[in-house]
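Engineer: Listed below, chain by chain, are the residues.
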Amino acid sequence: MNNMKIEILGTGCAKCDKTKRFVEEAVAKAGVDAEIVKVEDMDDIIAYGVLITPAVVVDGDVKIVGRVPKVEEVIEWITQ
Amino acid sequence: MDNTVIPVSEKAKCSCGASIIGIFPCAGASNVGQLSNAIAVELHKKGTGNMMCTVGIGGKRSGLLKSAEACESIIVIDGCPVNCAKATMEEAGIPIGKHILLTDMDIKKNKELDLDPSQVQEFLSKVEEML
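Chains A and B are the protein sequences, given in the same order. Final position of the first sequence in my numbering is 80; the numbers increase by one with none missing. Final position of the second sequence in my numbering is 131; the numbers increase by one with none missing.
Hints in this document: simulated from the structure, not taken from any laboratory. Among the hints, erroneous ones may be present.
[As the list claims (entries may be wrong)] In the EDC-like style, the derived pairs of lysine to aspartate or glutamate whose C-alpha atoms are separated by at most 20 Å in a straight line are:
1) Lys-29/A <-> Glu-40/A
2) Lys-29/A <-> Glu-73/A
3) Lys-5/A <-> Asp-61/A
4) Lys-70/A <-> Asp-43/A
5) Lys-20/A <-> Glu-40/A
6) Lys-29/A <-> Asp-43/A
7) Lys-46/B <-> Asp-106/B
8) Lys-60/B <-> Asp-61/A
9) Lys-70/A <-> Glu-69/B
10) Lys-70/A <-> Asp-41/A
11) Lys-60/B <-> Glu-25/A
12) Lys-45/B <-> Glu-122/B
13) Lys-63/A <-> Glu-129/B
14) Lys-45/B <-> Asp-33/A
15) Lys-63/A <-> Glu-122/B
16) Lys-29/A <-> Glu-76/A
17) Lys-38/A <-> Glu-24/A
18) Lys-45/B <-> Glu-91/B
[To be verified] Far from chain A by the CB rule (all over 12 Å, computed), these chain B residues:
19) Asn-50
20) Lys-109
21) Asn-110
22) Glu-128
Heads up, the beta-carbon is just placed ideally off N, CA and C, and yes, glycines get one too.
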């Protein structure tokens, strides 16, 4: 089975970094195997149809746009 | 908590930090459908808001749905009373801040798809007055 892929979309600021930290924390708490990737290129971000950041994509599905997610929210997405 | 956002298209160093207005035209296959699209393009260029893909909402594309949900407010521009764009947003559960119907503005729907630039400017002005 392939590992889960979690992408953090954002060009790089405190909110983007916070999102990445929360995702890493959620992955650790949930104990799932996941590849966490930071996507900073505007063209790659827009390719998802995402126009506002930060955003989080789990296995190609955009889960949140425009705000930093709670750790609990991320755990819910990755344990469904 | 600060949940304000800023559009990617503003080419800021980062895209987090302010709020945006989403503009969703019907872009239908008629003179008024194409006019809705042209008006949305002009509003986007003028910085009134960010034009977004209405068909992506209908197609339930997650990136577009979540982006629409993150907008501070939504402007929907329909060409004719079939109101496809409005229905699309309602179907997706996205609240509409302002709905504009072009055939309410003294223009008749037909199958002509080529737009007259002067007519685009005329109806752009009328739409701006309503916003």
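Engineer: Please go over all the hints and tell whether each is borne out by the structure.
Structural biologist: Verification of the supplied hints:
1. Among the hinted pairs, Lys-29/A with Glu-40/A is inconsistent with the structure: their alpha-carbon atoms are about 25 Å apart, more than 20 Å.
2. Under the criterion of a C-alpha separation no larger than 20 Å, the hint pairing Lys-29/A with Glu-73/A is consistent with the structure, at around 12 Å.
3. Proximity of Lys-5/A to Asp-61/A is assessed by CA-CA distance (about 10 Å); at most 20 Å being required, the pair is judged to hold.
4. For the suggested pair Lys-70/A and Asp-43/A, the alpha carbons sit about 26 Å apart, so the restraint of at most 20 Å is broken.
5. Of the supplied pair hints, the one linking Lys-20/A and Glu-40/A holds, its CA atoms being roughly 12 Å apart against a limit of 20 Å.
6. Of the supplied pair hints, the one linking Lys-29/A and Asp-43/A is violated, its CA atoms being roughly 32 Å apart against a limit of 20 Å.
7. The hinted pair formed by Lys-46/B and Asp-106/B fails the criterion: a straight-line CA distance of about 24 Å is larger than 20 Å.
8. Restraint check for Lys-60/B and Asp-61/A: the C-alpha separation of about 11 Å stays at or below 20 Å, so the hint holds.
9. Note on Lys-70/A and Glu-69/B: the hinted pairing holds, with a Cα-Cα distance of about 17 Å set against a maximum of 20 Å.
10. Distance hint between Lys-70/A and Asp-41/A is unfulfilled; the C-alpha atoms sit about 24 Å from each other, more than 20 Å.
11. Proximity of Lys-60/B to Glu-25/A is assessed by CA-CA distance (about 29 Å); at most 20 Å being required, the pair is judged violated.
12. Distance check on the hinted pair: Lys-45/B and Glu-122/B sit about 16 Å apart at the alpha-carbon level, within 20 Å; holds.
13. The hinted pair formed by Lys-63/A and Glu-129/B fails the criterion: a straight-line CA distance of about 36 Å is larger than 20 Å.
14. Between Lys-45/B and Asp-33/A the alpha-carbon distance is near 44 Å, which puts this suggested pair outside the 20 Å criterion.
15. Distance restraint check for Lys-63/A and Glu-122/B: the Cα-Cα separation of roughly 40 Å exceeds the 20 Å cut-off, and the hinted pair is therefore not satisfied.
16. Pair hint Lys-29/A plus Glu-76/A holds up; C-alpha atoms about 11 Å apart against a cutoff of 20 Å.
17. At roughly 12 Å between alpha-carbon atoms, Lys-38/A and Glu-24/A fall within 20 Å of each other, so this suggested pair holds.
18. Distance hint between Lys-45/B and Glu-91/B is unfulfilled; the C-alpha atoms sit about 28 Å from each other, more than 20 Å.
19. The Cβ of Asn-50/B sits about 6 Å from the closest Cβ of chain A, inside the 12 Å cut-off, so the non-interface label is violated.
20. Remark: the non-interface label on Lys-109/B is consistent with the geometry, its nearest Cβ contact in chain A lying 29 Å away (cut-off 12 Å).
21. At the 12 Å boundary, the C-beta of Asn-110/B stays outside the reach of chain A, the nearest C-beta of that chain being 32 Å off.
22. For Glu-128/B, the requirement that its beta carbon stay farther than 12 Å from each beta carbon of chain A is met, with the minimum near 22 Å.
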